[in-house]
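*Asks:* FYI, the numbering for the sequence shown is -18 to -1, 1 to 396, going by mature numbering (1 follows the signal peptide of the UniProt record, and there is no 0).
Think of the hints as simulated: they come from the structure by calculation, not from any bench. Treat the hints loosely; a few may be bogus.
Said to hold, decoys possible - Restraint-style ranges between C-beta atoms, simulated for each label pair:
{"#": "1", "residue 1": "Q29", "residue 2": "F274", "range": "37 to 43 Å"}
{"#": "2", "residue 1": "L326", "residue 2": "R19", "range": "34 to 40 Å"}
{"#": "3", "residue 1": "N261", "residue 2": "N56", "range": "46 to 52 Å"}
{"#": "4", "residue 1": "L332", "residue 2": "D208", "range": "26 to 32 Å"}
{"#": "5", "residue 1": "L206", "residue 2": "Q301", "range": "17 to 23 Å"}
{"#": "6", "residue 1": "L280", "residue 2": "N257", "range": "43 to 49 Å"}
{"#": "7", "residue 1": "L326", "residue 2": "K141", "range": "43 to 49 Å"}
{"#": "8", "residue 1": "Q384", "residue 2": "N72", "range": "47 to 53 Å"}
{"#": "9", "residue 1": "N127", "residue 2": "T192", "range": "22 to 28 Å"}
{"#": "10", "residue 1": "V246", "residue 2": "F274", "range": "32 to 38 Å"}
{"#": "11", "residue 1": "P213", "residue 2": "N334", "range": "49 to 55 Å"}
{"#": "12", "residue 1": "V310", "residue 2": "K141", "range": "53 to 59 Å"}
{"#": "13", "residue 1": "N127", "residue 2": "V310", "range": "33 to 39 Å"}
{"#": "14", "residue 1": "N257", "residue 2": "Q36", "range": "53 to 59 Å"}
Backbone N, C-alpha and C fix where the C-beta goes; we use that ideal spot for every residue, glycine too.
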Amino acid sequence: MKLLPLLLALGTIYSVQAEVCSHIYTPHHLFDEAMKRNIHLELKDLQNKALEGQIVEANKIYNPEFEHFTTSGNQLGRQNITSESRIWFNLQLNNKRAKKTRVAEMDREIGQVELEALRLQLKQEIFLATLRFKQIKSEIGAVENLSDVVENFIQRYKKVGFLTPEQRVEVGSLELSSRDLDMRKASLQNETDLILRLFQKMTGESCDVTVKLSENGKNEWPDLNDFQFKPDQALSFKLDQLALKKSEFEFEREESKKVPDLKVGPVWQLNKLGNQEYNIFGVGLIIPMPFFDRNQGLRTAAEFNMKRARRYEEYRKVQRQKEFEFRVDSYLRLREKINGKTELEEYKKLTNEYKRLFLRGLITASSFLSYKRELLNLTFEVHQIENALASHLLELYRLNNQTTDGFLQKVLKL
């Protein structure tokens, strides 16, 4: 019996700890934490630091090699001992070491730009997920509101007692609507959980993550009057340029290998015949004879890799221009669509007026519910367009390598 209070106490402590293990973020705090603690950024940074070692490896001078031989025998009844020592220094001709180093340095530069691109991609994911999180909050509220109205009408019909065939059909239709709204709410809640799980992974949190949104009005989509395409600023452009330059350096590296390396160094020989002993000093040289192989295979491969990189860079240059034009046209068209008609908030305000008309018996329940359903569907459609607008706008920022740090405040009003 004494064990029971202890178990209850431990259970209470565990329950409190489990409840406490939940962190509440504002969108700005979430953004800052993700930039500092995201595992993919950390791993990429460590990978880039490892590339420093490859530069050192490419630039290294080979250690000298020491060789020693000793032979012993008899010559005319006297002992004959010969010892020979050599030290070989490897000479990398045709500027091989510098060319290997340039290739390794290009890997480092590519890694740094890839880290910057990964950081920009993470920002875009956070912004799009935050926008969707904000939308879902509004959608759940709209679904719950319509669900309450539907349930209220169902209860009204049930109080009537005897129902006409038309009223029974109306009740059945309302119950189907109620079921559909329950499914929509469950789907939206599941989407919310997935977004929170995404935020948890982005920040590296071990606890649950909750995001607190401020109520600062509707999203504001900027015009593009001053937006000029700067293709040479895109990170993808920089990566393509670096990849091309690396392929050129790789070709130069393989070309340099057609001239073989030399080994040169001092040679010392000791000869001892009986009681006579003498030393010989000289210089040794090893020269590979490139009769059969001048690195032709790797030179050919590097040449075609260089041509491939150049062709791909040209292709991507054209595609970036086309992508920019497509994004601008799509963004402006959708922005005009979403701003060109009555605002969604204006339709929402009409709901109260139509509700009063219904309560006065001036419109039917089915008409009022039909309006509410269409308003809910319009909300979903507007949110889809907003998602597309955000995607186009962020992609335009990416193509110009422009900062997106003001997206939360200026566009989403958070």
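*Asks:* It remains to establish, for every hint, whether it holds in the given structure.
*Replies:* Each hint, compared with the structure:
1. Q29 / F274: 37 to 43 Å: holds (39 Å)
2. L326 / R19: 34 to 40 Å: holds (36 Å)
3. N261 / N56: 46 to 52 Å: violated (22 Å)
4. L332 / D208: 26 to 32 Å: Violated, at about 37 Å.
5. L206 / Q301: 17 to 23 Å: holds (20 Å)
6. L280 / N257: 43 to 49 Å: Given range 43 to 49 Å: violated, Cβ gap about 57 Å.
7. L326 / K141: 43 to 49 Å: violated (34 Å)
8. Q384 / N72: 47 to 53 Å: holds (50 Å)
9. N127 / T192: 22 to 28 Å: Roughly 23 Å apart at Cβ, these two residues keep to the hinted range, so it holds.
10. V246 / F274: 32 to 38 Å: The hinted range 32 to 38 Å is violated for V246 and F274, with Cβ atoms some 23 Å apart.
11. P213 / N334: 49 to 55 Å: Distance hint for P213, N334 holds at roughly 51 Å.
12. V310 / K141: 53 to 59 Å: holds (58 Å)
13. N127 / V310: 33 to 39 Å: holds (37 Å)
14. N257 / Q36: 53 to 59 Å: Given about 57 Å between the Cβ atoms, the range holds.
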